[in-house]
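Asks: Chain by chain, the residues run as shown.
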Amino acid sequence: MSTPAMWCGQSVERVEDAALLTGRGRFIDDLGVKPGTLHAAILRSPHAHARVKAIRADPARQAPGVAAVLTGEDVTKLCASLVVGVKAPIECWPIATDRVRYVGEPVAVVVAASRYVAEDAVDLIEVDYEALPAVVDPLAALDTAQPVLHEGLRGNLASERSFCYGDPEGTFAHAAHRVSVTIRYPRNSCTPMETYGVVAEYDVGEDAYDVLANFMGPFSLHAVMARALKVPGGRFRLRTPPDSGGSFGVKQGVFPYIVLMGVASRATGRPVKWVEDRLEHLAASVSATNRVTVLDAAVDADGRVRALAWDQVEDVGAHIRAPEPATLYRMHGNLTGAYDIRHVSVRNRVVLTNKAPTGLNRGFGGPQVYYALERLMQRIAIELGLDPVEVIRRNLIPSGAFPYKTATGATLDSGDYAKAFENALADGGFAALREKQKEARAQGRVYGIGLTAAVEPSVSNMGYITTVLTPEERRKAGPKNGAQATATVALDPLGGVSVHVASVPQGQGHRTVLAQIVADALGLKPADIRVITEMDTARDAWSIASGNYSSRFAAATGGAAHLAAGKIKAKLARIAGAQLNVAANEVEFADGKARARGNPDNAVAFSRLAAASHWSPGLVPVENQALRETVFWTPPELTPPSANDEINSSLCHAFIFDFCGVEIDRTTCAVRIDKYVTMHDCGRILHPGMVAGQITGGFAHALGAALYEEYAYGPDGSFLTGTFADYLVPTAMEVPNPVILHLETPSPFTPLGTKGVGEGNCMSTPVCIANAVADALGVAEINLPLSPAKIAAHLHGAERTPRKPQAKPVAGKGRTLHGSGQAQAAAPPQAVWAMLLDPKTLAAIIPGCHGVERLSDTHFRAEVTLGVGPVTGRYKADIVLSDLTAPKAVTLTGVVTGALGNGGGTGRITLAATDDGGTTLAYEYDAEVGGKVAAIGGRLLDGAARIVIRQFFAALARHTGGKKPGYLARLFGRGA
Amino acid sequence: MKPPNFDYIRAESVAEAHAALAEYGGEARVIAGGQTLVPMLSMRLARPKVLIDIMHLAELKDIAAKGDALRIGAGVRQAEALASRDVAEKAPLLAAALPWVGHAQTRNRGTLCGSVAHADPSAEIPLVLLALGGSVALSSHRKRRSVSAADFFTGMMSTARADDEMIEAIVLPAKRPDTSTAFQEFGRRHGDFAIVACAAVVSPDGITFAVGGVADKPERRDFPALDGSPLDDAIDAFAWELDAREDLHATAPYRRELVRRMGRATIEEARRCLA
Amino acid sequence: MPRLSAERRHRVRFTLNGSAVEAEAEPRMLLTDFLRHELGMTGTHVGCEHGVCGACTIEINGVPARACLTLAVQADGATIRTVEALAPEPGRLSILQEAFRRHHALQCGFCTAGILMSLDNYLRQRPNPTEENLRVFLGGHLCRCTGYVPILAAAMDAAKRLREVPANA
Ligand SMILES: Cc1cc2nc3c(=O)[nH]c(=O)nc-3n(C[C@@H](O)[C@H](O)[C@H](O)COP(=O)(O)OP(=O)(O)OC[C@H]3O[C@@H](n4cnc5c(N)ncnc54)[C@H](O)[C@@H]3O)c2cc1C
Ligand code: FES
Ligand code: FES
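Protein chains in written order, with the working numbering: chain A, 1 to 976; chain B, 1 to 275; chain C, 1 to 169.
Source of the hints: derived by calculation from the structure; they are not laboratory data.
Each residue gets a CB set at the ideal place from its N, CA and C atoms; glycine is no exception.
Take the hints with a grain of salt, since some may be wrong.
The calculated lysine to aspartate or glutamate pairs, modelled on DMTMM-like cross-linking and capped at a C-alpha distance of 20 Å, are [unchecked claim]: (1) A:Lys-34 x C:Glu-7; (2) B:Lys-49 x A:Asp-123; (3) A:Lys-53 x A:Asp-128; (4) B:Lys-49 x C:Glu-7.
Far from chain C by the CB rule (all over 12 Å, computed), these chain A residues [claimed, not checked]: (5) Glu-13; (6) Arg-115; (7) Pro-192; (8) Asp-243; (9) Ile-532; (10) Asn-585; (11) Ala-603.
Bound-form chain A, shown alone (with noise of 0.2 Å):
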């Protein structure tokens, strides 16, 4: 092959791919263990809060194969709280302690010989809880009068600051117009295919862990484990496999595992591995946050945006784990975007729901900030009576403006806005669309066209968080800055080359990247460079910022492994001037060999050179030993924020300029994107093909955000969306093929003149669809995910009025089961109420009832196998009577706890005598149903509920002589 004149720029095959692709990845779960080593599995919370009273373990514990069952006191014991971010009196421990606060935390860790063992564990731990009120709604959070989840504070308010940059106020009074919008942005993760998994062992004779982990970073999370764990750093060592399915910034949120698991080595003395199944990863892994936001603008006659008014209010679930709430000030050196606003006010609030927390996913923040900024342009441009493509035009920050310092203290590198927004516009076919739609509008059809600007910033200033704390606490804290990028170039005495770094890739094809760059630095070809991406903090070189996250590794990892080989080659130019009697700088570095400019015949082999210092040291002067270079930078700008709380939150800042059209169908009401354009300025492209993978992802996480996913809750907490049947990942059949378009402007802050790529969709996308499909149904307030049903409730209209009275209401409340029914019985109404107050009577027709235990009059237990289908569970049934009006009318309020769920409610009994002297027995239930049930077989609960609840009529009805007993009275419960 003739070598390129540069390899980085070319779409070079990836040297990750041939393993993968032949089935020899090295994933976690793939790598083996020591011998002994135990596997964990983790008893999780089916309550969204609840006080736990008992933990009755002892049968686990006692179970063949079963090491040790840890619980909260356990743990505890043994390990430090998380180190929360915040100045807020609150801890946050890695497994509940005396309360649970959302559906799936952690309550007890069994360890024992297989996963299937632990899991039979795992079932026979009983829990008794106290269910408490649960809040859910971030806004209701902000209510005192709510229950509160952390008794440290008092309400649910963990951080609140307000900023001022310009003069907003004046400017909000002085405006022609103010467009405000409203947005809750949904719950949702990217989900990586991989699952989190941890190995873990802990040496008493060191005093230290040793784990091996799908950790992606930040690193400044292994201070926080390491402080957890109760050891020093250097004593936690943090080990990386060589591959990792996938993160998207999901995998951030395995760190409280690995205290855990390091806590369960410790305890039973051996290696114990935990590979987090899919249930477990949906429930309670990690989410981004949901987000409540007004945002006003002041706004010229011609729709020049003068100032912006944020509120932000951020749901950050049940726990601030660090790094949270980063995600609320991720984006706050950007929050005018790309537009050339001077004037702005910010309040930020951070409050705690009963609900998983969150932490890093794809876009981080950057979503929730452009749902709200990029439905207002599009508010201003309706309210205004001008054209969306206008508005933008008109408030871009303007060619030749850059660098370019925003009202909140982010410097924008680099760019040309209104070029690469004029070039989308024409190359991207944008006057034809709006052909094309005002054709189907003619046609009838329902179709819209959406439009965003972003500014996707990228290598995170490590300091940006601390904006949360005011500026005397920054103070007494002392300045926290940077974002230090490492990168090890090392010579073998064979003369080959190595490159190691902290990038820790989840399939990025970080090691073709940094082989083409350390190849095009030394004159090598790509597969001369060893890569070497698995990390180990004992071992490598590292610090906080290192890691997998907020786009960093072309524009930091690279640049570093870009310095670093530019240091080795210098050390080689002053060895290979002495050899070839040239100066070093006339040495220049081509095909494999060091030879003299302009006379390529006296040249020495790159190999033989590079070996020189590992053979040879005599020959070598000193300070030009060529062995191994480590090279640690980290950009002067990202300095920490200024004492008026500007902030450079970010390094580089790409440029992105989406527009789309898509089509409703009447009928379905389902969305249909019809085109999709995407243009980027990401700065100098180093792999045009890993590029364009990174868009076409990150578009398809932004498409199933805008359309299909949600971490959906119930009112009462409840966790809706426990399988991927219910959390819909997009498939091909709803992914279509974006048209890319690029600019290049590198940025002159980083060593190769390249930027972040890997989240902007995340961020435009979600908000040019949402502002696509409320121009084509023509409404103001829409949000995420633009489900079918929801868009049915603007374009189906009202629905038809019933021909007849319904016999049955059927209208829904949310995630509340209701339903009525009707039986007969044979018996006259006071036999039938006797037998309802009667604990043997109850106890033969209860579904699958075990016995009923009376605790008084009108207060019941019982234990039941409920099922529907193959659907079986045990389950502990409380039931209470009240407003008894014998033998009329009783309520029934009932509790149901067991291992497959927990359900309440209410349901009102009455009895009518009928003509022939039976009784007609009438009812009618609310219920809400909570637990692994509700999270993982929402679809079929209605129903499901529904039998079990006609059944315990039926059966009644049977007892009395009724005549049809039917299939019910079959189906259910082993002992009825």
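Got chain A; can you put chains B and C with the ligands on it based on the hints?
Replies: Below, chains B and C with the ligands alone, put in the same frame as chain A:
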């Protein structure tokens, strides 16, 4: 997510399967394709004592077209039915619905009878069986019996099958030359369970219309050969009679509206083929 | 009748990638765990254990199917192919695998084994797929990294190249 313990019996004859069902009744589950049962085991939603594997029984593997009926054995996988000429010719409604059942990779193992036994309210195969007026052939050590689809599906995942019975086959009446059928479905993603699925069988003198995904089980109505707004009214009345479910993915009013609109479209599609 | 009790491990034998293999499993052991942890064939991945993601897809008796929805004991006597069988020889890739590499149809590679097993089978059955056919068929797989665009391109390209080579090359 690992299954609890159970014994596993690989039946070598139908009689052996019957004997095992007789012995264990409700504590046993037949395992056919496993595409529904295995995830339920892994999630520990189901905890049978014994699994009875019927997939090695040659006598259950037939698709038999006899006279005006098509009999599909319990061992027939969905992919096999989809590839069958007999199914395409005698039961085009089934052939139209099968591509909607999961994905090619799950159809390669899932059976038709397993889907009928499981009776998911959104499942396509039960809907087709009901729409066509088919029946379920049940057998046990005691007896054999045939139950019409209308009587077989009794509610959410609930059927007329007794604990000691297995489904040996489903039987579909072969398509009459004077009828035409159509199937339409809407789900959130391709391959998902239906939010609403519609099946129509039309003949010059009437319409059979059935919907899945809406109520606890597939539901069916027979209309005279209506058209225009009387047809809309009839469908509307049917939509209201259905006890439409609410869940995460759809509201009851939305489901009913799909019944109206998609139902009408399905009937028209069938009519177009008749013409 | 072969009756395997829950408490014990039982011998399971099948043909894996052309060779006879055997190991022991409890009746409840999933085929994914059996392949990966008893037989050491870790190329088959586990992404959901409930049949949706497709990462575990392998060929069972000639057709692609979910290993996670199959018990090891059900596979007794079967003929199974996994991703480890696709390359014609060590150091060489199949036409499909090469197309994946050329088109960057994988990033983390976690979903890849399942997708390759599905496509390898599909392209043998249907050498002339349309992109739409392929989309429907790939609908049985989730990939979180690529957005599917390069996977479709690789599959179309592989189909074309497979048509060009003689059947047994
Ligand atoms: C990702 C995915 C998507 C799916 N999408 C759909 C969909 O869109 N539509 C749809 O309808 N289905 C769907 N399914 C389920 C479908 O694939 C199953 O094949 C079907 O529901 C059950 O068939 P089976 O042969 O696999 O039965 P199994 O799982 O073996 O059994 C299911 C139940 O039926 C019982 N049973 C099975 N056979 C008999 C018998 N002969 N006699 C008595 N009892 C029996 C079992 O004991 C068990 O309770 C999906 C499955 C997956 C994994
Ligand atoms: S692991 Fe089998 S389909 Fe997901
Ligand atoms: S390549 Fe990572 S999930 Fe497909």
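Asks: Checking each numbered hint in turn, tell me which of them this model violates, lowest number first.
Replies: As far as the earlier hints go, 1, 5, 6, 7 and 8 are violated by this structure, in ascending order.
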